[in-house]
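K.L.:
Based on these hints, arrange chain B on the given structure of chain A.
Here the protein sequences line up with chains A and B, keeping their order. For what it's worth, this note's numbering labels the leading residue of the first sequence as 1, then goes sequentially. For what it's worth, this note's numbering labels the leading residue of the second sequence as 1, then goes sequentially.
Take every hint as true, because none was put in to throw you off.
No more than 20 Å apart at the CA atoms, straight line, and that leaves these computed lysine to aspartate or glutamate pairs for DMTMM-like: (1) A:K66 <-> B:D211; (2) A:K80 <-> B:E89; (3) A:K66 <-> B:D294.
Source of the hints: derived by calculation from the structure; they are not laboratory data.
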Amino acid sequence: MNKPNLPKCLLGLFFYVYLFYPATAQNHKIKNGSVTDTMTVLKILAIAKQDTVIRVIFLASERIYKLPVKAKPVYLKRLKWSLDKHIPVPVQRAREQSDVILSVGKTKRK
Amino acid sequence: MNNGPSAAMFPAATQGSAITRILTVANIRSSSNGASEVMFNENPQILNVQNATILATLQQALSSHAKVKVTFNPWQATIEQVNVPTNQEIINAALGPVLSNQGKLIKVDPSNLSDLDDAEKLGILNDAQGENTHAAITNIIPNMATAQTMFNYIARQCCKLSGPYDVDYCISFQYCEDGCYARAHKMWYIMSHTYHYATHKIFSFARTGNDVLSVEAEKWGGCCINWWFHVTILVSINTPGGVKAYVFDPAMFDQPVLLSAWLHAQENPTCAGGSNPLVDFINLQPNPSYCPSDYTGLNFNTDPLFASTDSTLVHYSPLTTCP
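Next comes chain A alone, as it looks inside the complex (with noise of 0.2 Å):
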């Protein structure tokens, strides 16, 4: 029987998180310290006439985001678009802990 070899299987391990990690990492992209998760819309909430933000639903996350009703008219439209077709979109944030949206991009069509 072969006997385990201990810097082989480390060289292993390291080879293998190394591979592994990208998979996983991917949840979310970070660029210039923002974050952008892809995500679908379940509800965009009324707003009354004094609110400053639009309250956003998304699948799997209890958070409510807040889109300024300041920001461009394209992102509410692709804020809609997603709600309607049910297909996930990019969503910009400032930083993992914020619920304020900086832009709503597009779905990339094949």
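P.N.:
Coordinates of chain B only, in the frame set by chain A:
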């Protein structure tokens, strides 16, 4: 070998057209005519690849065990396109069938939350047996000391603590802004497989008007958190005052707390930020219910393979609640 399609394998709507799925590569081999054949773990059909770039992407995915988003034509047995899936696409692909209109919807009366603490009235004493996979599941935890021991074991799997952990992926209790559904799913697994005690999922919702679940994260620095729903596991504990409904939520507390206390903590007025801190209703669900599949609070996705659970826990493992 006949790589052609089997009509029964695909829904009628997709016949003749390409299909896109999230898959993992099982093997790549050369056929007798020199072409490359690809096999996927989740798909019985062997598919052909002509494009060198697609083949290289698949070979890389095979070596790294990564999931790939594959567009293929089952009628021609050819792969047309391969992309790296987003996390959301992986999660969506992993989620199981939606559970609809199961469980028990309960309107919350803020003036009398303690009514919810009676395990028998809540109906959680006898109906957990059938849904747990393990045969020897006990419904009632005999005393608070036993409950605290199990709670402490679960809390020790927190990603903020140094390992090694007793579970495959640490639980992101330290990041309670999101991911409660994954934490609850993992806790259910531990309770049923390690300790063999029955649990339920208890979902709270604030989805009417300006209502919001409003919590001060006292354990993690005291910042304010708002949710539209929250979920954790519910257990029955024998106490001197009878069998009571307690929740395990190490993201919020250091010990099991009564269901009423858990709900009360989600109505913190100092953290509402202009909204109305109120639990509109709770939904007592069977354990497989994972996260809401729509905004009604009645329908839930499932995660039978824990793929979304583990992916979410890994995603949130390095994060902190109050920066």
